[in-house]
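Q: Using the sequences provided together with the hints, build the complete structure.
Residue numbers (our numbering), protein chains in the order written: chain A, 8 to 341; chain B, 309 to 561; chain C, 898 to 1184.
The reader is advised that the hints may include incorrect statements.
[Stated by the list, open to error] A few chain A residues facing chain B, derived, Cβ under 10 angstroms:
| no. | residue |
| --- | --- |
| 1 | Pro34 |
| 2 | Leu141 |
| 3 | Gly144 |
| 4 | Asn146 |
| 5 | Arg190 |
| 6 | Val195 |
| 7 | Met201 |
| 8 | Val213 |
| 9 | Phe218 |
| 10 | Ala227 |
| 11 | Ala269 |
[To be verified] Stretch by stretch, here's where chain A covers chain B in the computed footprint (C-beta under 8 angstroms, at least three residues):
| no. | region |
| --- | --- |
| 12 | 422-435 |
| 13 | 494-504 |
Just so you know, the hints here were simulated from the structure itself, not pulled from any lab data.
Even for Gly, the Cβ is constructed at its ideal location relative to N, Cα and C.
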Amino acid sequence: MFTKPIHTKLLYLVILAAALLLPWYVPDAYIFQIVTMSVIFAISTSGMNLILGYTGQVTLAHGAFFGIGAYGVAIMTKAGISFWLALPASALISAFIGLLIGLPTLRTRGAYFAIVTLCFGVIVWIVSGNWIELTGGHNGIFGIPRPSAIPVPFFGEITFFTQTGMYYLSLAFLLIVLFALHRLVYSVFGLTFMAVRNNEPLADSVGINTFTTKLVSFVAGNFIAGIAGGLYAAIIGAVSPTAAGYMMTFNFLIFVILGGMATLSGPVVGAFAIPIIMEFMQFLEDFRMLIFGALLILVIIYFPMGLVGGLRRLNEKVVAWRQRKTTESGHASS
Amino acid sequence: MLRVESLTKRFYGLVAVHELSFDIKKGEILAIIGPNGAGKSTVFNLITGTLKPTSGRIYIEDQEITGLRPYKVASKGISRTFQTTSLFDQLRVIDNLMIGYKWRTGLGFWNTLLHTPAWKAYQTEAYKRSMETLDFLGLADKSDYFVPALSQEEQKRLAIGIALVCKPRILLLDEPTGGLIQEETERVTDLIRRVRDNGTTVCLIEHKMQMIMGLVDRIVVLNYGKKIADGSPDEVKSDQAVIQAYLGGEVNA
Amino acid sequence: MELFLQQLFNGIMFGSTYAIVALGLTLVMGILNIPNFAHGHLYMLGGYCLFFFAGTLGLGYWAGMVLSVAALGLVGVLMEKFVYRPLNDQPHINAFIAAVGSLLFLESFALVVWGPQGLRIPNPHPQAIELLGITMSVQRLLVIIGAIVLIAGLHLFMKKTIAGATIEAVAQNREGAMLTGINVNRVSAMTFAISTGTAAVAASLISPIFMLSPSMGAILGMKAFVIVILGGMGSVPGAILGGYLLGLIEALGGGYISAAYKDVFAFAALILILSIKPTGLFGKREV
Chain A
8 MFTKPIHTKL LYLVILAAAL LLPWYVPDAY IFQIVTMSVI FAISTSGMNL ILGYTGQVTL
68 AHGAFFGIGA YGVAIMTKAG ISFWLALPAS ALISAFIGLL IGLPTLRTRG AYFAIVTLCF
128 GVIVWIVSGN WIELTGGHNG IFGIPRPSAI PVPFFGEITF FTQTGMYYLS LAFLLIVLFA
188 LHRLVYSVFG LTFMAVRNNE PLADSVGINT FTTKLVSFVA GNFIAGIAGG LYAAIIGAVS
248 PTAAGYMMTF NFLIFVILGG MATLSGPVVG AFAIPIIMEF MQFLEDFRML IFGALLILVI
308 IYFPMGLVGG LRRLNEKVVA WRQRKTTESG HASS
Chain B
309 MLRVESLTKR FYGLVAVHEL SFDIKKGEIL AIIGPNGAGK STVFNLITGT LKPTSGRIYI
369 EDQEITGLRP YKVASKGISR TFQTTSLFDQ LRVIDNLMIG YKWRTGLGFW NTLLHTPAWK
429 AYQTEAYKRS METLDFLGLA DKSDYFVPAL SQEEQKRLAI GIALVCKPRI LLLDEPTGGL
489 IQEETERVTD LIRRVRDNGT TVCLIEHKMQ MIMGLVDRIV VLNYGKKIAD GSPDEVKSDQ
549 AVIQAYLGGE VNA
Chain C
898 MELFLQQLFN GIMFGSTYAI VALGLTLVMG ILNIPNFAHG HLYMLGGYCL FFFAGTLGLG
958 YWAGMVLSVA ALGLVGVLME KFVYRPLNDQ PHINAFIAAV GSLLFLESFA LVVWGPQGLR
1018 IPNPHPQAIE LLGITMSVQR LLVIIGAIVL IAGLHLFMKK TIAGATIEAV AQNREGAMLT
1078 GINVNRVSAM TFAISTGTAA VAASLISPIF MLSPSMGAIL GMKAFVIVIL GGMGSVPGAI
1138 LGGYLLGLIE ALGGGYISAA YKDVFAFAAL ILILSIKPTG LFGKREV
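A: Below, the structure written as structure tokens:
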């Protein structure tokens, strides 16, 4: 029902191998840091894609939920709680606050949800900058401890004091998230997300509780954002209101749209490619956002499926062309 | 089987449906007809919960369903199609049907995430039932097509299929042959007959008199939201009030 | 008592700005059913245009204001034509995303051209008047009076001219208006021009009092959304009333409760009210 062709599977294996071997061929600490950040952004963006791409709900608070996860881990680990407890707890807090926001707003259709999430994003940003006792105000929280080592029987332990250790930890979470999303999306249950996006009245009339479907998608997406935020706090070792700001949301949005909505690989491609492109465009400074703002508009008008969607369509065309070619030559020889 | 009791719907002072009562008997094909704006689609929207009635009650086999949300009504075994062909046009044909079958299964978040044995069974069941329905519709060879690649008639069939895949007790069809030519109309009419023969009660809204007369067991006629006639096609054809309403309508047009 | 009156006065002044900005936003949302997330940023651009025409080119305050309004009107027309019109028949969320793209574009445009530091437009009317024991600068009074004049003018335009009537017709029923031969595209462009033009008026009136910065539009734009939702989408009286109300609530809340969280009140109120009444305070019921 939902199987993929063999050459796609091979491609994924190659990419996975490249990701696993990355510390060996990227010795530059700065670039390595950017790639590690990309892994984290890919996790968060995949969560946004579930809400925005698959379920069609424009959430503009994803950065806020990312920030809640980051502040959660920062505050809890500074209070002496283990990272391994703080991370799931923070993600659950993100998910729970998402539930509180989603309950009143996801019943409405159209613009309300987008506007309310945008406003919620601003609230989180303002609060994180002003609630000095909890968040450290505009300076944020420093000196967040790294995750403690995991003991492995007969082997020793896995430590996370190095950048490499944190990279593998993030990569492991990205793979888990993608695996879970793959299960959700390629299933009858996943089809209901797309049904809500595609035709809500019809979905309603065939017995799908569209409100619950949207809520599940929103809460799950925010849970994923919370995980990404928590990892971010542990890797950077500090959080400030920018981690919860609306620019964070807009960055995720750019990754999703340019990478490709409603594809599993699109957000990952976006989260890896765009920060690296931005790095090469460093000399353009503020012009970069000017370009990406314009690009967002152009892509949504002319290539609403983004890079991955565009490539997929190109591939379909090539296949169709080949099929035509073989049938034609078949006719010629017979 | 389905009973509507003094149903009334007002929109901002306008009365769309007024004190309407009728019932649909098990195993029959019932047509609701009437001039444009008679409130036919509104009746469907009230039954399926898309609109909330101002007053009145709706029962299915003596269980009240008045004012339930649409997805709840669907899970009571009442399926419907829409006047304008409504499909999941970004998805494949088979996906459309599996979505229609979903509420019959326990395919929820955790089952799907954990790939429980129940998940596997349900998923197979949904696929089987969907393919079976496609066979019934005559679309089996197009299961992998995307919806826009289908012809208009095929899309109409698929819309019926989405409503039918979950084995409903009653199927409400809103102009199932609207916009189709004679030949296609006959094929869809035949499909509706087969649906009834398989044990599903059918209630439909139509304009094509000729098609209705040959197909249905009973007709309810609405005019300005009120029932003006209820009976077999022959009784309705010779009813004075009906002739009046239709002639009046034509004179106005 | 004097503090109260002073806050009241400030509240009415801020409320005037909110009312005008929300008015423009509600017009566009009524016509196109698109949340123009960039509306606050267009207001910001209006302020910078005033700075450019009145300050950089030295044309004086009033000429600068007229030119700024004209420039923003043009920007509105271009935005409707090149950003939103191509997305008319695509899923709604695409237009939402294009709106976010426009917002990013405009903010970085101001950043690139005028830099991140705050700019000051010399106050053209620095005199002050004493009344009832409170000081009112003439420019602040001008904001209040200007808003009333603008609202009255727009009201006359909507009710007494054919162009105004077509806007209302399209807002009520797009397909119906198209059938009666109204050029819906032209009406959309005109509405956009009015919407962005009025935003420029608001910016021109108030920016001599405060500093200009590229981020000044973000929060204001969101507040305008709050007002529009609570006042009922597409409702002009709702936007005006809501604008003044929010101005007063903020001034009094900021003065008496907490200045740091002044901006949070509006957003928190929005989320609260929507949880109780999902269609807004004066919103029409969904049919």
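Q: Work down the list of hints and note, for each, if the structure agrees.
A: Going down the list of hints, with the structure as the test:
1. Pro34: It is violated, given that the least Cβ distance between proline 34/A and chain B is near 38 angstroms, above 10 angstroms.
2. Leu141: Where the cut-off is 10 angstroms and the nearest Cβ of chain B is about 32 angstroms from leucine 141/A, the hint is violated.
3. Gly144: Violated: closest Cβ of chain B sits about 38 angstroms from glycine 144/A, beyond 10 angstroms.
4. Asn146: 40 angstroms, violated
5. Arg190: This hint holds: arginine 190/A lies near chain B, its Cβ roughly 6 angstroms from the closest one there, short of 10 angstroms.
6. Val195: 5 angstroms, holds
7. Met201: Nearest chain B Cβ about 6 angstroms off; hint holds.
8. Val213: Result: holds, 5 angstroms to nearest chain B Cβ.
9. Phe218: 8 angstroms, holds
10. Ala227: Holds: closest Cβ of chain B sits about 8 angstroms from alanine 227/A, inside 10 angstroms.
11. Ala269: 9 angstroms, holds
12. 422-435: Contact hint for the region 422-435 of chain B vs chain A: holds, 6 residues under 8 angstroms.
13. 494-504: Since 0 is below three, the answer is violated.
Hint violations for this structure: numbers 1, 2, 3, 4, 13, all remaining hints satisfied.
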